[in-house]
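Asks: Protein chains in written order, with the numbering used here: chain A, 1440 to 1531; chain B, 19 to 401; chain C, 52 to 332; chain D, 61 to 870.
Hints listed in this document are in silico derivations from the structure and should not be mistaken for laboratory results. Note that this is a predicted model, so its numbers are computed, not measured. Think of the CB as a built atom: it goes at the ideal place given N, C-alpha and C, for glycine as much as any other residue. Possibly wrong hints are sitting among the right ones.
Unchecked claim - Only pairs whose alpha carbons sit at most 30 Å apart, straight line, appear in this in silico DSSO-like list of lysine-lysine:
# : chain 1 : residue 1 : chain 2 : residue 2
1 : D       : Lys294    : D       : Lys376
2 : D       : Lys365    : C       : Lys278
3 : C       : Lys322    : C       : Lys278
4 : A       : Lys1481   : D       : Lys294
5 : C       : Lys309    : D       : Lys152
6 : D       : Lys323    : A       : Lys1453
7 : D       : Lys680    : D       : Lys152
As the list claims (entries may be wrong) - Partner residues are not named here, just some residues of chain C that face chain B (Cβ under 10 Å, in silico):
#  : residue
8  : Ser120
9  : Arg127
10 : Leu129
11 : Leu142
12 : Ile162
13 : Gly185
14 : Gln187
15 : Ser196
16 : Thr199
17 : Ser201
18 : Ser321
Stated by the list, open to error - Take a look, some chain D residues computed to stay more than 12 Å from chain A by CB distance:
#  : residue
19 : Asn331
20 : His341
21 : Asn364
22 : Lys373
23 : Asp406
24 : Pro439
25 : Leu445
26 : Ser448
27 : Gly817
The lines below spell out each chain.
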Amino acid sequence: MPERIRHAPLDKDKVRLVEAEIHLLKDECKGCSYCIEFCPRKVLEESEEINARGVHPPKIVDESKCMMCGFCTDVCPDFAIFVVEKKGKGGS
Amino acid sequence: MPKTKNALVGAHFMNGDVACAEGAITAGCRFFAGYPITPATEIAEHLSQRMPEFGGIYVQMEDEIASMAAVIGASYSGLKAMTATSGPGFSLMQENIGLAVMTEAPCVVVDVMRGGPSTGQPTMPGQQDVMQAKWGSHGDYGIVALTPSSVQEMFNLTVEAFNLSETYRVPTLLMADEIVAHMWEKVVIPPTDKLRIVNRKKPNGPREKYLPFKPDADLVPPMACFGEGYRFHATGLTHDERGFPQTSSSEVQSRLVKRLCEKIEKNSGKIIRVEEVMLEDADVVVVAYGIVARAALSGIRKAREKGIKAGLLRLITLWPFPEKIVARVAGQAKAIVVPEMNCGQLVREVERAAKETPVAFLSKLGEEPHTPLEILEVIRRNS
Amino acid sequence: MVQEMVHPFSKYLRAEMMPHIWCPGCGNGIVLNCFVHALDELQTDLDRLVVVSGIGCIGRTAGYTNADSFHTTHGRSLAFATGVKLANPELEVVVISGDGDLFAIGGNHFIHAARRNIGVKVLCANNLNYGMTGGQQGPTTPLESVTTTSPYGNIEHPFNLVHLAAASGATYVARWTSLHVRRLTQSIEKMMQKKGFCFVEVLSPCPEIYGRYNRMRSGLEMMAWFKRASVVGNFSDPSKADITQDKIVVGEFVDVEKLSYEKMLHEKISKINEKALDGVS
Amino acid sequence: MTEDKESQSKEDDIRIGVYVCHCGLNIAGSVDCAEVAKFAGTLPHVVLAQDNRYTCSDQGQAGIKNDIKEHRLNRVVVASCSPRLHEPTFRKACEEAGLNKYLFEMANIREHCSWVHLYDKEAGTEKAKDLVRMAAAKAALLEPAVEVEVPIIRKALVIGGGVAGIQAALDLADTGYRVFLVEKEPSIGGMMARIDKTFPTMDCSICILAPKMSDAGHHPNVELLTNSEVSEVKGYIGNFRVKVLKKPRYVLKDCSACGECVKVCPVVAPNEFDVGLAIRHAIYTPFAQAVPSTYVIDMNLCLNKDGVIVCDKCIKACERQAVKFEMKPEVAELEVGTIIVATGADVFDPSGLPHYGYGKYPNVITSLEFERLINAGGPSGGHLLRPSDKQIPKRVGFVQCVGSRSDKSGRLYCSNVCCMNTIKDSLLIKEHWPDTEIYVFYVDIRAYGKGFEDLYNRARKAGVVFVRGLPAQIVEDRKTHNVWLIGENTLQKEVYRINVDMAVLSIGLEARKDSEVIQRLLTLSRDQDGFFLEAHPKLRPVDAATGGVFFAGCAESPKDIKDSVTQASAAAARAGILMAKGKVTVEAITPITFAEKCTACGLCVKVCPYNAIILNKDLKRVEIVEAACGGCGTCAAECNFGALTQNHFTDAQITAQIDAVTEHDADRKIVAFCCNWCSYAGADFAGVSRMQYPPNVRIIRTMCSGRVAPKFVERAFARGAGAVLVTGCHLGDCHYINANYQTQKRVERLWKKMEQGGLNKERLQLLWASAAEGERFASKIREMKPMVESVKPEEIGKAKKFFEKALGGS
């Protein structure tokens, strides 16, 4: 429908948006950067630091953008990243 | 093991292959995987009919490699398992006999020896695989090989083979020959409960503590099976007691390989069986095995009639080789005669054991074994 | 951001065996990941699971899975698994191995296992070459690909694995790439719930070896290829499901029901056995 | 048709009857009809000429029929109104009298003469004579023709699934025709589904629409194509081949609309259906009563891009396993006989009017947003509240004519529905919250319809305050977010300054921004406001000029629900008539070829917009595929060898008309060529609107400007015409796909030629004018007058020679 939208949704506070808690097991990371590349929300980027395996593990740019699709968890060949819902937050 | 009215007991007239098959069933074998090959085919045929009656499994695989692999799989699933073949198939099986050795999978392999090399003479007897039995697969390992010289023994030694493989977690080979396999004789089968049947020892103690390759004092580790909740790993790679690969540790490598050899050597006293006939005063001792031993015995009798002090040492266990016994016997004798249906294989072991005592070798290849007169002739020459 | 927390799938892995031996960007880790994810979805009883593998990089998977597992000789995983499954049909037997192991040295066992329809589930990581031995040409290497043993370009026509599996009688056949983790996991779940012989192929990037020789130096580049070329052709003709530079046909190809070999065998056995037991005290 | 036939017809003794119509005073008021009739009698071949008050009346027609028999007339000319109006009437009369209808010709002395020269009877009469002369000249050369019959496919396409489209589809389906209903959005329902109550009856909009929607969804004769767009239309009346692009829903029909997927979908966006006042997820259904109820995934929003499923939450949540990301766009190919355009309208976007502060102040909303707010199914569950603090407003102001009847917004027309809608809305508020103060700021209240005045009075009685005079501006009170409406009460002549909690801008309707797509696909015309133009404002109000195409609802002009439904049923009936007949006759205006003159140069093949001409290399000539021919005649214009001409618009006939115009005082005249669909209709429109322009123009009608061969222009100049005007549809609007591009090429070539010949190319003019642009046409003629008058005799002479030579040469 062509109308331009001018007002914020009235129920925007009613819909519960997930709050993600991203866990990086940095030293497990082998630096393939699949999680960075394929994150639909571009939540991650390569960090400066060098981990136990001598690669740059990812770092979190903006955790709040994460939608908890969990793709990073599944596409990581090294079981080095996973996402859980923030405790206590966002209701249930 | 389900009792069934079909369990053979008492005296029966049958051929060696059938006796072997019945022996397997009596021993509690409930898995047979094989591939048709003369002269072992009748074992497969008979088991394909008999196994189901005992709730056992017969499966014909795509080749002997697969048969041997399946046997190991079944063994790890907790069944007593075996396969039967002849020279060409035996060669194919060597790869996974090695795997069975490395993963210490109890199982029985029957090799009904025929004329080789290669396809050779499928319907003719031979004893050409006895060295392959010991050295067939790559790497160092201990192994057990028995050799029957009668149809009755085809039954008895099959049972024995299972007992040994279950006891020592080692593939046990029954090295029969075409004649023993195809010959019809009377076989007396005792009631199963009168027979000694051995089952592998199981681990006791908490599952999470279980180390699948940690040996007891007898150097044999207790064996858990798949699905029992131990969640253990086994591999053909060099592995530690947890079963996990250790591909670069020389320490683990030597510990493992040594044990695989020693668990047989150190227990050889319990394993080895021979038959001694008229050896007390023998000057000439014939060392023979399999069907040849029976020709040898009548040759010896004829020699005794002619006043020659001859005796027979029949080897029932080929591997581990009864070295001490041969040495003892050789010590008391003037000469040793070794007839074999090959170009001289086990004779090398005999010579090694006999030390100074001269050893005469009598080779026979092709359609039939040595005749008593041929044996008598060698004995006379060496007396 | 808590570092200490444990990975949700760690209970499916053998801590002592981690980290795995696979190179950065290797797809095998993703295959293992999806496999355990499927186990998690299905709440599989690990005590009843047996993971069998052959030789090759992916062959290590057996050792990494926290269940009964066996690492067989090269190519023999299916023959071994057949013995396991027949001897104890209660067990869930999964073979996880590579294209070389299953289709070159093990090719004969594969077609016969499929023909028999033994209830073994096969998860094949296809990395298009022999990775562990340093990247030799293999049964799935695409034409003209460069490997250490096809330095002038491969001239052997590769196997189309899904076609082969379908033709050999598999009751479930699917192919995905390690980029399609969702559908792959789904397919693995599906296969685990089926009774007969099942086959799932996963195109798995081998950037350090295959990629290096074929102008895809990083896992990302290989994944980019999968992304660009993949076409989902669910239940399309497997004989047309080729793998080329421009087109990788992925999807489910076969999903049929057929009595499994072990079921038929054990039904027969119990009938005959009952008869045999008659009148025995 | 062959030459011997032509020559034969020449031999025929030609007997023309001319009838000059007074049309009451419409013509007689500014044309001396008797005089014209007398003059007509003097023309060659004219055996009978008379004037009468209403030639179109029954006795008028009876007279013609009678004369045809009595006076053995074999040609008939009626000088009256536009052929676009009454040609069919008179043709029928001729046929009934046994005269082939192609032997009838009309002179348009009303729209093109009397109405546009109201105050110069003399000039009007002179012009009328010329027009009759032209008609008679053409008539003399008319040929009888048989029309080809083409079968009509008994299936219909309805474009647009709003209430109009639904109604039209259901009517046709109930009549027994197969109907394809194409809707752009994921659900049918359109604007009506978003409205709360309907005026004047105040019944619940969706409650009365939903049953119709589900009827359409379940009717065995209706095939719904939602989420779909028409992408190509080929063919002609009765035989359209249509391509429809079906965008994937990514959800299969198996969807049970349980909504589990929505619960897990992590991505949200404002729901367009609620004008963004409520949230939806990437997988969603636009509203509860949607038809089909199958959910849809918004791929722009969904996390899964280019074939990679990163998020599988909905897949997992769906018990029916209906989520299928593998779905691809499909193209459905339909064959239909008729097409109903029910594409609806857009609403005006007031953010272009800064003085109202829409988009800046939270509490200034549009009437459409108000509908969603007051709607029980809407974001606030029907509790009227204002955006800033979600409190119930105590005072509400409605501002009328936002985007209507205003030059500020550039939309001068009345949107038809806003007055009643506001009255309805004010009453809705009063129903639930009687104490609310309501002000309506208006220009005029237009309560013209059945029950409308009633409702208006109810509102007044309920205490709604109507203030005449729109606010000049709206300003916000920063603290309270209330707004001040400031303007002049034009009744009391005093400035008002009224504070309200919320202001509702009563926004008008406007043509859909994507109208030109449908316009191009179906070669339609649009009026100056952008709505689709009907074939005739009075007599064919739901027909498009393109045969087999009809209009329903707001696509044609702003309408309320009742009118939309009425027009929908009308359109369905019109389409039904065609399909019931099962066949249609295509006008015999296809090309005629003279094989012996054809050099097989293939030029005509190149210019034919319909690929209806095939070059037969073996026989070295071209062949015409009559059924495919659209009848524009541009092929005939392109042929340099006279091997091609167009039935009923032959070179000879048009040349005769030119010669008639230029018979005397040529140098004072403009010879104008007008295309049937746009510029001729435009000139008619000028007449209907009584737009006055100089009487020195003589219009020759062709079906398409593409028919205007350079030699016609040259002929006109060679005969000393003062000026020539070639007119046609706007480029891109051509009713023959693109034939008018040929027109442009040819005129440009002529200009070059004139330059080379040292002639004033000003004398040849090109004008693009749509059927709605009467003023454009009129002002063109006014503009040309001084130019024509300034042309010197020697220039005329020079042009004469130059073009005589050119014509001789060709």
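Asks: Are the hints correct? Go through all of them and say.
Replies: Here's how the hints hold up against the structure:
Under the criterion of a C-alpha separation no larger than 30 Å, the hint pairing D:Lys294 with D:Lys376 is inconsistent with the structure, at around 44 Å. Restraint check for D:Lys365 and C:Lys278: the C-alpha separation of about 10 Å stays at or below 30 Å, so the hint holds. Among the hinted pairs, C:Lys322 with C:Lys278 is inconsistent with the structure: their alpha-carbon atoms are about 53 Å apart, more than 30 Å. Under the criterion of a C-alpha separation no larger than 30 Å, the hint pairing A:Lys1481 with D:Lys294 is inconsistent with the structure, at around 46 Å.
Between C:Lys309 and D:Lys152 the CA atoms are separated by roughly 75 Å; this puts the pair beyond 30 Å, and the hint is violated. At roughly 13 Å between alpha-carbon atoms, D:Lys323 and A:Lys1453 fall within 30 Å of each other, so this suggested pair holds. In summary, the hint linking D:Lys680 to D:Lys152 is not supported, as the alpha carbons are separated by about 40 Å, beyond the 30 Å threshold. A cut of 10 Å between beta carbons decides the hint on C:Ser120: the least distance to chain B is about 5 Å, and the hint holds.
Because the smallest distance between the Cβ of C:Arg127 and any Cβ of chain B comes to about 4 Å, under 10 Å, the interface hint for this residue holds. Among the interface hints, the one on C:Leu129 holds; its C-beta lies about 8 Å from the nearest C-beta in chain B, closer than the 10 Å criterion. Taken as an interface hint, C:Leu142 checks out: its beta carbon lies about 5 Å from the nearest beta carbon of chain B, inside 10 Å. Contact between C:Ile162 and chain B, as hinted, is supported at the beta carbon level, the nearest pair being about 8 Å apart and thus within 10 Å.
This hint is violated: C:Gly185 has a C-beta 16 Å from the nearest C-beta of chain B, more than the 10 Å allowed. Checking C:Gln187 against chain B by beta carbon gives a least distance of about 20 Å; that is not within 10 Å, so the hint is violated. Hint status for C:Ser196 relative to chain B: violated, with the closest Cβ pair at about 29 Å, above 10 Å. The closest approach between the C-beta of C:Thr199 and any C-beta of chain B is roughly 22 Å, which is over the 10 Å cut-off, so the hint fails.
The interface hint given for C:Ser201 is broken, as the beta carbon of that residue sits about 27 Å from the closest beta carbon of chain B, more than 10 Å. Residue-level restraint check for C:Ser321 holds (minimum Cβ-Cβ distance to chain B is 7 Å; threshold 10 Å). For D:Asn331, the shortest C-beta to C-beta distance to chain A comes to about 8 Å, within the 12 Å cut-off, and the non-interface label is violated. Not every CB of chain A lies more than 12 Å from the CB of D:His341, the least distance being 8 Å, so the non-interface label is violated.
Against chain A, the non-interface label of D:Asn364 is violated: not every CB pair exceeds 12 Å, the least being about 8 Å. Listed as a non-interface residue, D:Lys373 fails to keep its Cβ farther than 12 Å from every Cβ of chain A; the least gap is roughly 7 Å. Against the 12 Å criterion, D:Asp406 falls within the reach of chain A, whose nearest CB is about 5 Å from its own CB. Not every Cβ of chain A is farther than 12 Å from the Cβ of D:Pro439; the closest lies at roughly 5 Å, contradicting the non-interface assignment.
For D:Leu445, the non-interface assignment is contradicted: its Cβ lies about 8 Å from the closest Cβ of chain A, within the 12 Å cut-off. Taking the minimum C-beta to C-beta distance to chain A, about 10 Å, the non-interface status of D:Ser448 is violated against the 12 Å cut. With a cut of 12 Å on Cβ distances, D:Gly817 stays outside the contact zone with chain A, its closest approach being about 53 Å.
Of the numbered hints given earlier, the model fails hints 1, 3, 4, 5, 7, 13, 14, 15, 16, 17, 19, 20, 21, 22, 23, 24, 25 and 26; all others are met.
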